[in-house]
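> Sequence:
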Amino acid sequence: KVKKAQEEAQGATQALQTALQEIVTNPDKATEAISVSGDATNPNWVIDCSKLEAGEVNGDKTYIISISILEFQKGGDKIDITGVTDAKVLINITGLDNDYYKLDKHIGLNGEYSQWNADNGKVMLNFGQYDGSLEFVKTDIGSILAPKASVLINQTHDGNIIANSVKNQNGEIHRAPSWEEPGKKPP
Numbered sequence: 010k011v012k013k014a015q016e017e018a019q020g021a022t023q024a025l026q027t028a029l030q031e032i033v034t035n036p037d038k039a040t041e042a043i044s045v046s047g048d049a050t051n052p053n054w055v056i057d058c059s060k061l062e063a064g065e066v067n068g069d070k071t072y073i074i075s076i077s078i079l080e081f082q083k084g085g086d087k088i089d090i091t092g093v094t095d096a097k098v099l100i101n102i103t104g105l106d107n108d109y110y111k112l113d114k115h116i117g118l119n120g121e122y123s124q125w126n127a128d129n130g131k132v133m134l135n136f137g138q139y140d141g142s143l144e145f146v147k148t149d150i151g152s153i154l155a156p157k158a159s160v161l162i163n164q165t166h167d168g169n170i171i172a173n174s175v176k177n178q179n180g181e182i183h184r185a186p187s188w189e190e191p192g193k194k195p196p
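Basically this note's numbering = 1-based index in the sequence shown + 9.
I should point out that these hints are in silico values taken from the structure, not numbers from a laboratory. Keep in mind that a hint or two might mislead.
Unchecked claim - Dumping the calculated BS3-like pairs for lysine-lysine here, alpha-carbon to alpha-carbon at most 27 Å:
1) Lys176 x Lys111
2) Lys87 x Lys70
3) Lys60 x Lys13
4) Lys176 x Lys87
5) Lys111 x Lys70
Stated by the list, open to error - Pairwise CB distance ranges, derived in the manner of DEER restraints:
6) Ser174 x Gly120: 28 to 38 Å
7) Asn119 x Lys13: 21 to 31 Å
8) Ser174 x Lys13: 12 to 22 Å
9) Asp113 x Gly137: 14 to 24 Å
10) Asp95 x Gln178: 14 to 24 Å
11) Glu121 x Val146: 31 to 41 Å
12) Asp108 x Lys70: 30 to 40 Å
All C-beta atoms, glycine included, are put in the ideal place defined by N, C-alpha and C.
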């Protein structure tokens, strides 16, 4: 059973990676959609998808944003993704060249930072071919695509996790099936 589940996960990962390679995005539009809110001591990111043109991934309307790891780690402890209604959000994290990164941000969708929300699976953090270690401290929601990385979860998390290895030190991981292989029902 374990081997079959691993093979199915690997197949889904490969299908998604193939689809992601076909994505074309407009970086100028993405830059216009990212702003900072809050005060000078605790600025927070706001990504307003209503200012973006959606692309398509696996036949689904998808907003595609690329953020360097250095930019992702700046500012306060929140990233609010707004303007999302009938689409998914793919955040490509770029510039990963260290062996270890600690990601210490709450991610919210349309102002909601709570877990147990059916829309939480609409967000995916894509770490591409990064093969180091990722530690998630506050990231509450969003699927994590890091097929070559080691992932450590330190808080209850809503979203699928595709990684070389996953360790959950604290809390639970809730599957949020929004990025499934086309035409395939989740088990």
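> Each hint needs a verdict: does it hold in this structure or not?
Checked hints:
Only pairs whose Cα atoms come within 27 Å are accepted, and Lys176 paired with Lys111 is accepted, the gap being roughly 14 Å. Restraint check for Lys87 and Lys70: the C-alpha separation of about 25 Å stays at or below 27 Å, so the hint holds. At most 27 Å may separate the alpha-carbon atoms for a hinted pair to count; Lys60 and Lys13 exceed this at roughly 42 Å. Straight-line distance between C-alpha atoms of Lys176 and Lys87 comes to about 23 Å, which keeps the hinted pair within the 27 Å bound.
Restraint check for Lys111 and Lys70: the C-alpha separation of about 30 Å exceeds 27 Å, so the hint is violated. Hint check: Ser174 to Gly120, Cβ distance near 33 Å, so the stated range 28 to 38 Å holds. For the pair Asn119 and Lys13, the beta carbons lie near 37 Å from each other, so the given range of 21 to 31 Å is not met. A hinted range of 12 to 22 Å holds for the C-beta pair Ser174 and Lys13, which are about 19 Å apart.
For the hinted restraint 14 to 24 Å between Asp113 and Gly137, the CB-CB distance of approximately 21 Å keeps it satisfied. Taking 14 to 24 Å as the suggested C-beta distance range, the pair Asp95 and Gln178 does not conform, at roughly 35 Å. For Glu121 and Val146, the hinted distance range of 31 to 41 Å is not satisfied, since their beta carbons lie about 19 Å from each other. The hint said 30 to 40 Å for the Cβ distance between Asp108 and Lys70, and at roughly 36 Å that hint holds.
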